[in-house]
Amino acid sequence: MGLISGILFGTIFGIVLMAGWRHMMRYRSNKRVAKAVDIKLLGSLKRDDLKKICGDNFPEWISFPEYEQVKWLNKELSKLWPYVADAAELVIKESVEPLLEEYRPPGITSLKFSKLSLGNVAPKIEGIRVQSLKEGQITMDIDFRWGGDPSIILGVEAALVASIPIQLKDLQVFTIIRVIFQLAEEIPCISAIVVALLSEPKPRIDYTLKAIGGSLTAIPGISDMIDDTVNTIVTDMLQWPHRIVVPIGGIPVDTSELELKPQGKITVTVVKANNLKNMEMIGKSDPYVVLYIRPLFKVKTHVVDNNLNPVWNQAFELIAEDKETESIVFEVLDQDIGQDKRLGIAKLPLIEIGAETPNEVELRLQPSLDMLKIKDKRDRGTLAVKVLYHEFNKEEQLAALEAEKTILEERKKLKAEGVIGSTMDALDEAVSLVGSGVGLVGTGIGAGAGLVGSGVGAGVGIVGSGLGAVGSGLSKAGKFMGRTLTGHSSKKSGSNTPVTSIQENGGAKSLQR
Amino acid sequence: MGIVSAVLGFCGFGVGVSAGLVIGYFCFIYFQPTDVTNPKIRPLVEQDTGSLQRMLPEIPLWVKNPDYDRVDWLNKMLEYMWPYLDKAICKTAKNIAEPIIAEQIPKYKIDSVEFQTLTLGSLPLTFHGMKVYLTDEKELIMEPCIKWAGNPNVTVAVKAFGLRATVQVVDLQVFVAPRITLKPLVPSFPCFAKIYVSLMEKPHVDFGLKLIGADLMSIPGLYRFVQELIKDQVANMYLWPKTLEIPILDPAKANRRPVGILHVKLIKAMNLKKKDLLGASDPYVKLKLTESKVQSRKSSVKHKNLNPEWNEDYNFVIKDPESQALELVVYDWEKIGKHEKMGMNVIPLKELTPEEPKVMTLDLLKNMNLNDPQNEKSRGQLVVELVYKPFKEEEMPTSFEESHTVQKAPENTPPGGGVLAVIVHEAQDVEGKHHTNPSVRLLFRGEERRTKHVKKNRDPRWEEEFTFMLEEPPTNDRLHLEVVSTSSRIGLLHPKETLGYVDINLSDVVSNKRINEKYHLIDSKNGRIQIELQWRTAS
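One line per chain: the protein sequences are B and C, in this order. In short: position in the first sequence from 1, add 13, done, that's our numbering. In short: position in the second sequence from 1, add 72, done, that's our numbering.
Hints are supplied without guarantee of correctness; some may be wrong.
Stated by the list, open to error - From chain C, some residues computed to sit far from chain B (all C-beta separations above 12 Å):
(1) 194
(2) 206
(3) 210
(4) 215
(5) 271
Claimed, not checked - 30 Å max Cα-Cα, derived DSSO-like pairs, lysine-lysine:
(6) B/106 / C/360
(7) B/128 / C/391
(8) C/136 / B/65
(9) C/597 / B/125
(10) B/106 / C/370
(11) C/422 / B/106
(12) B/137 / C/590
(13) B/425 / B/278
(14) C/266 / B/84
(15) B/223 / C/255
(16) B/84 / C/136
(17) C/461 / C/449
(18) C/303 / B/106
(19) B/426 / C/438
(20) C/274 / B/44
(21) B/92 / C/303
(22) B/215 / B/360
(23) B/147 / C/112
(24) B/182 / C/314
(25) B/106 / C/528
(26) B/88 / B/182
(27) B/182 / C/181
(28) B/137 / C/360
(29) C/407 / C/136
(30) B/106 / B/418
(31) B/48 / C/166
(32) C/136 / B/88
(33) C/527 / B/128
(34) C/337 / C/449
(35) C/524 / B/84
(36) B/84 / C/203
(37) B/336 / B/274
(38) B/48 / C/159
(39) B/65 / C/422
(40) C/303 / B/44
These aren't lab readings, by the way, just hints derived from the structure by calculation. Keep in mind it's a predicted model, so treat the numbers as computed, not measured. By construction, the Cβ of each residue, glycine as well, lies at the ideal position given by its N, Cα and C atoms.
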């Protein structure tokens, strides 16, 4: 009897004990989970949440801006800045100098840093925004402001003129830096970083140029040339959608997804312009149009003499790399002795172009793209263009990419040989897979050192006329000197590789070095 | 009879309890799910007052304290990264643990130990505020408040003697408030040499430990005991002032301290190419050390000579013999216009054997591009003699102090005396009426010392050290510091200007050994100067 009741009680006791344990387990587990949830919620508090918790005692110092403030980071940065500046000087020198070389304008034979120190004022990070726009990527936008006091002295060498040091003063950079982290499942979890400057709002980089021991007028147009170079580097290298891709941590990753790739082809026909402004004293303007998506690949129409309502009817093919954000810039210029004057400029965002259907667009010309700077609101006339957007398929995309590479290599080679002063010189539309010839004009000094490039394959002869100013030496024309006129064949020619023929290189070459 | 029945009852109870425990285990615990589910998270706005009340003690520090900053962007980033971090960390952990396990298990006659599941869960680590401190030392101090209340699931299956048991860790929660100090700051990336981590408070640790499905941590009392044990163990190791030190860079190398001297003797050049139209060229040589801020040196100009002999000596301070190189460029001197380059060559310092003089005859090249066909043309030769002398350990020049311990005074200091070191770090907001080219003038017992000039700078940095050898402690002395600006132009008008001064009483230095402070300048609007004083004694 005792045994049975003992077993019975024992069993019940054991079961109760276990039940109690389970109860405790549940209780503790629920408590932990609840806490985990709380911590998670409190980790990402929003204004409404905080209002609910704090009620009337809402802390006044807290705000929730779109770009989150990072006071602590700024404090650290200002303390760390002298050391960062020291360390960065070498890195900047090494990485920016080749860039300057690549984008160097014609007319300048060498552009180097002779002194570079970043100054005492640390940049400020006004805010940071983090979002995930795409699976496996984190997009971080940094509102970056730097009104620094760096001392940057550029050693500029131009043809015939001794090297003059030019100081970049009062540098101010206001921009939003977009950093995209490509995530990976290996430590350090980031396989690549993409850096770009967000184009909306447009990055603002201001500075003043000052020649040391001399005057800026020693080389005419030099400040424009430097402005142009800086501008091109920024827009063509950094400004979204252009980006710099940095692979990180020994994991071999395919970063090609991140790189900017040709996305589509745009066939642009510049039809005509109406009511252009007359810029010339005698007669009428001699207008032509320069159009580009990337400043590195500019194309232009022929010049229509003495006409304010010119008709060109010329077709070009441009490559689009990011339809969402890029736009075609049309610049109508007046060919002139010396500096060509701008008659008007217009911008056509690619997003407004419907795919695969021909569009006819009438663009209003403006004195400048920067709406804030436009003083004179007078009408500058209109430009009529036809555009057709064709989206690439995989093979076409690869082919376009290859073609682009070959062109850049070709230019580099030419540059190494000293034929053209800078990669910016060779203006051609070979990107568009058309192997038409490329006419080349060196830094024309003297009476229009022109040369004739002959089209290969397409059979369209091209006459590149030197835009060199007649006997004016290196005038401000340098800015547009050496840009080439290229003819165009509207059909794709057989060869993908542009063949550059240099038939005559005249005085241009010898004068350049 | 009663006794027998009582004994039987006891035995029965014993058997019953074990049976009951087993039954109860199978009834209640065995069939409990072992996987961890993601908790449902309702937005905070929808929560009731009860749960809000529960949250109050966990309110982030940035809400309560204005000196803490919100780091929502960091939390967001972690949240997006978490699934990847989870996989990466788990993979690494497995890779590290497996060989160790394979090595250890034969000793304990265990058949196998393996991870059944290993995941950190879906809830990321969160930062509940970040605070930084600014000091006058070369360091960055930050105090993040890190809270991780996750839902990880680590199940380890152990097989031994034909039985299989699982140990499972769930719901790990770790709250820590570490102080992270980055120091010393150095002028090469990533700009600090070491990371020091220490905990300002005992960490909070909580977790569930399930042995064959039963959570040991829910046994009343045991949880508390284990928690205290862990807290104390961690506290013993890392609670402030104990620190965990993580070296990042070698500070000596990171500071780019000089490690040796290069003696260059420029002997002669031969068969230089003629550049001038009339007569021979006027050659001179420019010597430059790459990756250094030292200005290039120029030799004298030998007029009308294509085989010039210089026999001139130059010394360069070397900071990194592995990467630095000596660049020699021969120029043609001109009275008017640009000096034309006649040829150049570069000698990487790693080609030199230390302490061994080496005479080198260099072919002059157009540029350093090896493939340039123009380099094949003969431009003449340059003869130089080079000796690289690395500093010996003891003669390593000690630049400004890295560690916070005060150095010992050299041996020849008189007993009772010592060395007073004054390190002029930097100044802020010094401004002259006519010019601001500040330098510091130190006056101590009639001795005057000066720092270099910093040109046109309101916030100059000098980082210069001055030492004074003293017979007895300078208890009653004062140090007079004056910031002076001298005009860069040669002119009679305002050649000199005082931007402010400060007198520092030295008695504190003797008792404290080291003082590093910012002083407000007298006769200056807003100027401040940071001075470090050290009293170095033999003992």
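We went through each hint and held it up to the structure:
At the 12 Å boundary, the C-beta of residue 194 of chain C falls inside the reach of chain B, the nearest C-beta of that chain being 9 Å off. Not every Cβ of chain B is farther than 12 Å from the Cβ of residue 206 of chain C; the closest lies at roughly 6 Å, contradicting the non-interface assignment. Residue-level check failed: residue 210 of chain C sits 9 Å from the nearest beta carbon of chain B, not beyond 12 Å. Some Cβ of chain B comes within 12 Å of the Cβ of residue 215 of chain C; the nearest lies about 10 Å off, and the non-interface call is violated.
Non-interface status of residue 271 of chain C relative to chain B is upheld: no Cβ of that chain comes within 12 Å, the nearest being about 19 Å off. With a CA separation close to 17 Å, the supplied pair residue 106 of chain B and residue 360 of chain C stays within the 30 Å bound. As the CA atoms of residue 128 of chain B and residue 391 of chain C are separated by approximately 20 Å, the hinted pair is consistent with the 30 Å bound. Between residue 136 of chain C and residue 65 of chain B, the direct Cα distance comes to roughly 15 Å. Compliance with the 30 Å bound is thereby established for this hinted pair.
Straight-line distance between C-alpha atoms of residue 597 of chain C and residue 125 of chain B comes to about 40 Å, which puts the hinted pair past the 30 Å bound. Restraint check: the Cα-Cα separation between residue 106 of chain B and residue 370 of chain C comes to about 24 Å, which is no more than 30 Å; the hinted pair holds. For the hint linking residue 422 of chain C to residue 106 of chain B, the alpha-carbon distance of about 23 Å falls within 30 Å, and the restraint holds. Pair hint residue 137 of chain B plus residue 590 of chain C holds up; C-alpha atoms about 24 Å apart against a cutoff of 30 Å.
The suggested pairing of residue 425 of chain B with residue 278 of chain B holds, with an alpha-carbon distance near 24 Å, which does not exceed 30 Å. Pair hint residue 266 of chain C plus residue 84 of chain B holds up; C-alpha atoms about 23 Å apart against a cutoff of 30 Å. Our distance criterion of 30 Å between C-alpha atoms is broken by residue 223 of chain B and residue 255 of chain C, whose separation comes to about 39 Å. With a CA separation close to 17 Å, the supplied pair residue 84 of chain B and residue 136 of chain C stays within the 30 Å bound.
Simply put, residue 461 of chain C and residue 449 of chain C have alpha-carbon atoms about 35 Å apart, too far for the 30 Å limit, and the pair is violated. The straight-line distance between the Cα atoms of residue 303 of chain C and residue 106 of chain B is roughly 50 Å, outside the 30 Å bound, and the hint therefore fails. A hinted pair counts as satisfied when its Cα atoms are at most 30 Å apart, and residue 426 of chain B with residue 438 of chain C qualifies at roughly 19 Å. For the suggested pair residue 274 of chain C and residue 44 of chain B, the alpha carbons sit about 21 Å apart, so the restraint of at most 30 Å is met.
Proximity of residue 92 of chain B to residue 303 of chain C is assessed by CA-CA distance (about 34 Å); at most 30 Å being required, the pair is judged violated. As the CA atoms of residue 215 of chain B and residue 360 of chain B are separated by approximately 15 Å, the hinted pair is consistent with the 30 Å bound. Annotation: proposed proximity of residue 147 of chain B to residue 112 of chain C holds, straight-line Cα distance about 24 Å (limit 30 Å). Between the alpha carbons of residue 182 of chain B and residue 314 of chain C the distance comes to roughly 48 Å, so the proposed pair goes past 30 Å and is violated.
Under the criterion of a C-alpha separation no larger than 30 Å, the hint pairing residue 106 of chain B with residue 528 of chain C is consistent with the structure, at around 23 Å. Straight-line distance between C-alpha atoms of residue 88 of chain B and residue 182 of chain B comes to about 25 Å, which keeps the hinted pair within the 30 Å bound. Among the hinted pairs, residue 182 of chain B with residue 181 of chain C is inconsistent with the structure: their alpha-carbon atoms are about 75 Å apart, more than 30 Å. The suggested pairing of residue 137 of chain B with residue 360 of chain C is violated, with an alpha-carbon distance near 36 Å, which exceeds 30 Å.
Between residue 407 of chain C and residue 136 of chain C, the direct Cα distance comes to roughly 73 Å. Violation of the 30 Å bound is thereby established for this hinted pair. This hinted pair checks out: residue 106 of chain B and residue 418 of chain B have alpha carbons roughly 25 Å apart, not beyond 30 Å. Of the pairs offered as hints, the one joining residue 48 of chain B and residue 166 of chain C holds, with about 28 Å between alpha carbons and a cut-off of 30 Å not exceeded. Straight-line distance between C-alpha atoms of residue 136 of chain C and residue 88 of chain B comes to about 21 Å, which keeps the hinted pair within the 30 Å bound.
Using a Cα cut-off of 30 Å, the hinted pair residue 527 of chain C and residue 128 of chain B holds, with the two alpha carbons roughly 14 Å apart. Note on residue 337 of chain C and residue 449 of chain C: the hinted pairing holds, with a Cα-Cα distance of about 26 Å set against a maximum of 30 Å. This hinted pair does not check out: residue 524 of chain C and residue 84 of chain B have alpha carbons roughly 34 Å apart, beyond 30 Å. In summary, the hint linking residue 84 of chain B to residue 203 of chain C is supported, as the alpha carbons are separated by about 9 Å, within the 30 Å threshold.
A C-alpha spacing of about 11 Å is found between residue 336 of chain B and residue 274 of chain B, which places the hinted pair at or below 30 Å, so the restraint holds. A threshold of 30 Å between alpha carbons decides the hint, and for residue 48 of chain B with residue 159 of chain C the separation of about 24 Å falls inside it, so the pair holds. A hinted pair counts as satisfied when its Cα atoms are at most 30 Å apart, and residue 65 of chain B with residue 422 of chain C does not qualify at roughly 68 Å. A distance of roughly 20 Å separates the Cα atoms of residue 303 of chain C and residue 44 of chain B; the hinted pair therefore holds under the 30 Å criterion.
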